[in-house]
Amino acid sequence: MTLLTDRPKVSDDDHGAGGHDGEHHGPVGIMKWLTSTDHKVIGMSYTITSFVMFLIAGLFAIMIRVQLTGPDSTIVSQHTYNELFTMHGSLMIYLFIGPFAFGGLANYIVPLQVGAPDMAFPRLNAFSYWLYLTGSLIMIGGFLTVGGSADFGWVAYAPLSDAVNSPGAGPDMWIVALMLTGFSAIFTGVNLVTTIFYLRAPGMTMFRVPIFTWNMLVTGILILIAFPVLFGALVMLWCDRHLGTHIFSVVGGGVPVLWQNLFWFWGHPEVYIIALPFFGVVTEVLPVFSRKPLFGYRGMIFATISIAALSTAVWAHHMFTTGTVLLPFFSLMSYFIAVPTGIKFFNWIGTMWRGSVILNTPMLFSIGFLLLFLGGGVTGIFLASPPIDFATHDTYFVVAHFHQVIFALVFGAFSAIYYWHPKFFGRMLRDGLGKISFWLMIVGSFVMLTPMYLVGLRGMPRRIAEYAATDGWTFENRLVTIGSLMIFVGVAVTLVNLVVSWRKPVFCGANPWDANSLEWATSSPPPHHNFDSIPPIRSERPVWDANHPDFTTHDHGLSPAEPAEVSV
Amino acid sequence: MKFEANFLIFLGIFGAITALVYGILSDELAGTVMLAGFALLGLFPGGYYLWWHRRIGTRAEDDPNAELVDGAGVVGVFPSSSIWPFIFGVGCALVAISLVFGFWTALPGFFMVISAAFGIVSESRHGGLSRH
Chain G
781 MTLLTDRPKV SDDDHGAGGH DGEHHGPVGI MKWLTSTDHK VIGMSYTITS
831 FVMFLIAGLF AIMIRVQLTG PDSTIVSQHT YNELFTMHGS LMIYLFIGPF
881 AFGGLANYIV PLQVGAPDMA FPRLNAFSYW LYLTGSLIMI GGFLTVGGSA
931 DFGWVAYAPL SDAVNSPGAG PDMWIVALML TGFSAIFTGV NLVTTIFYLR
981 APGMTMFRVP IFTWNMLVTG ILILIAFPVL FGALVMLWCD RHLGTHIFSV
1031 VGGGVPVLWQ NLFWFWGHPE VYIIALPFFG VVTEVLPVFS RKPLFGYRGM
1081 IFATISIAAL STAVWAHHMF TTGTVLLPFF SLMSYFIAVP TGIKFFNWIG
1131 TMWRGSVILN TPMLFSIGFL LLFLGGGVTG IFLASPPIDF ATHDTYFVVA
1181 HFHQVIFALV FGAFSAIYYW HPKFFGRMLR DGLGKISFWL MIVGSFVMLT
1231 PMYLVGLRGM PRRIAEYAAT DGWTFENRLV TIGSLMIFVG VAVTLVNLVV
1281 SWRKPVFCGA NPWDANSLEW ATSSPPPHHN FDSIPPIRSE RPVWDANHPD
1331 FTTHDHGLSP AEPAEVSV
Chain X
873 MKFEANFLIF LGIFGAITAL VYGILSDELA GTVMLAGFAL LGLFPGGYYL
923 WWHRRIGTRA EDDPNAELVD GAGVVGVFPS SSIWPFIFGV GCALVAISLV
973 FGFWTALPGF FMVISAAFGI VSESRHGGLS RH
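In the order they appear, the protein sequences are chains G and X.
Residue numbers for the first sequence follow this note's numbering, so the first one is 781 and each next one is one higher.
Residue numbers for the second sequence follow this note's numbering, so the first one is 873 and each next one is one higher.
Just so you know, these hints were derived from the structure itself, not from any lab.
For glycine and all other residues, C-beta sits at the position ideal for the given N, C-alpha and C.
Since no wrong hints were added, every one of them can be taken at face value.
Here are some, though not all, of the chain X residues that point toward chain G, as calculated from beta-carbon distances under 8 Å:
(1) F875
(2) S898
(3) G948
(4) S952
(5) F958
(6) A968
(7) I969
Listed next, with one range per pair, are the computed distances between beta-carbon atoms:
(8) X/I986 x G/V846: 44 to 50 Å
(9) G/A1272 x X/F983: 42 to 48 Å
(10) X/A902 x G/P1241: 26 to 32 Å
(11) X/S994 x G/Y978: 22 to 28 Å
(12) G/V1031 x X/S994: 48 to 54 Å
(13) G/P1285 x X/F983: 44 to 50 Å
Generate coordinates for the entire structure from the input sequences, incorporating the hints supplied.
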């Protein structure tokens, strides 16, 4: 490929480690992991750690499903079951999907996409990884304490989470772990926003920044809005448990619902903190494999901003049944948020429409994301209606809804793994194994989720460790278990794929997908401080413009060529 | 810089309006305060960026016709490998875990946090950094 202009490096007087040719100057092995401030190393540490959390939480899910396969099951005890679903939710939400997105993918990809040599605050970046890792170990370490880990659900509602109902060190370790990982998220958010505002390459105006980076900017701002509230709530909870305050207990004049109020003020922006990055992934993948520019670039940006703004004003739709919230306000706001999400769907489909769609693994996972997120989103609109929510609250209908939403994000994550793996390691993943993995996961997820909705509508409550044969939920629960096992096998196939591509590498060049954005302008994997040269940035597809000068998407400067006249 | 400022100010204004509407309609204090915090979180940095925009004008990254040479010069100063973030992180974790298991882990924790703070500052003063 051709790069037209070298980015000048005026001052290049490195002290010791950290030149461009310089990875061999720095420490290697475990010291590289411990001391690196390179966003690529930290991003990869985040990605691998969070993926391990995904696998652990997935094992918990399988244990939950094994327990629920038949009626009157006694495979695990009630207490163990409570620990399992609590830690399944906690690991998936706090330690996997968020850190995978803003710690792993964004850390690695955002500086590359804006043409920066590193994140704005590299040592802060490393610090936030260590907070995340220690926090994760502390949360899982709860299993080693006498009373076991936290068992009050991942939402830790008061008064169940107070010192009387949940005594012991495990719940405290859960609280402390969230304080640490919460700060890790805040620091990453600061880093992302600063990087995107201050370290863009010349010519990379805000309306040429790739949508993934745009979404990470908005995610960073949402992190800054939401996570401090969670931290405050956790401090209050700790004080209630240890210092004898009564913020969340009725006895001393406190208000238990206040916990829900604070928690969900974090919790609903958090839904978009974890969703927007994967919206971004899909928005990167769809144009590349439809061989078309993104349809509605600005519309995408404004949809993202409106989703972020509205997401701060919908939190109490999780609390409709408490009877203490302003139903019309939160219901209306929750309906509103469907509008920008709908715009995004329209643009995604518009991008694929009449494109030369290439159905390889990243594209398939992105399409799977669209299917699952549509289902999860539409049932979300049902639940935004208070009468429906009153009837289905705390049933498997809600469980199915948010599992469909979040499993859509897992599809986004797998799409990102298959799409960016060549950039991370310079090696392709096997497409055949990827497709097997995809089909197992997509069929498995519908086999898992559809019966969940049905059994929820028939009244099966969430978080029960056993049910009677006379309840009539057995057949559906068998299907759910079969679906979850199919997903398990599908994920295992992707792990095999990773091992195979490591053992028998298929090497690739800088730009195997003939893609659009700046990360494909540098080698795979990128050198220390990322770029030896950067193509001129005249549109939101600089690498495409450099590689296809006859088919540019310029809006300034050089005149675009006539696209149709080329074929002979 | 101008777009970044306006973007944050827009979020701040949205937060302020939402806080006002929600505060009047619901008469519920915690949510109103949190929404007001959201408004300030948009308005403060947004206003700060606007002030900077007035001082420095259009940067190369805001100019749609900028050439790469326009960005010549030092992009930033980046630290090379450093052990201090690790020590800082583990120190913070030890201090935090003392909330569960008692004060004894806080002592080494504080020691690590303080030495890491000194370490990072002296690292910034005495090189170990690379400019780009």
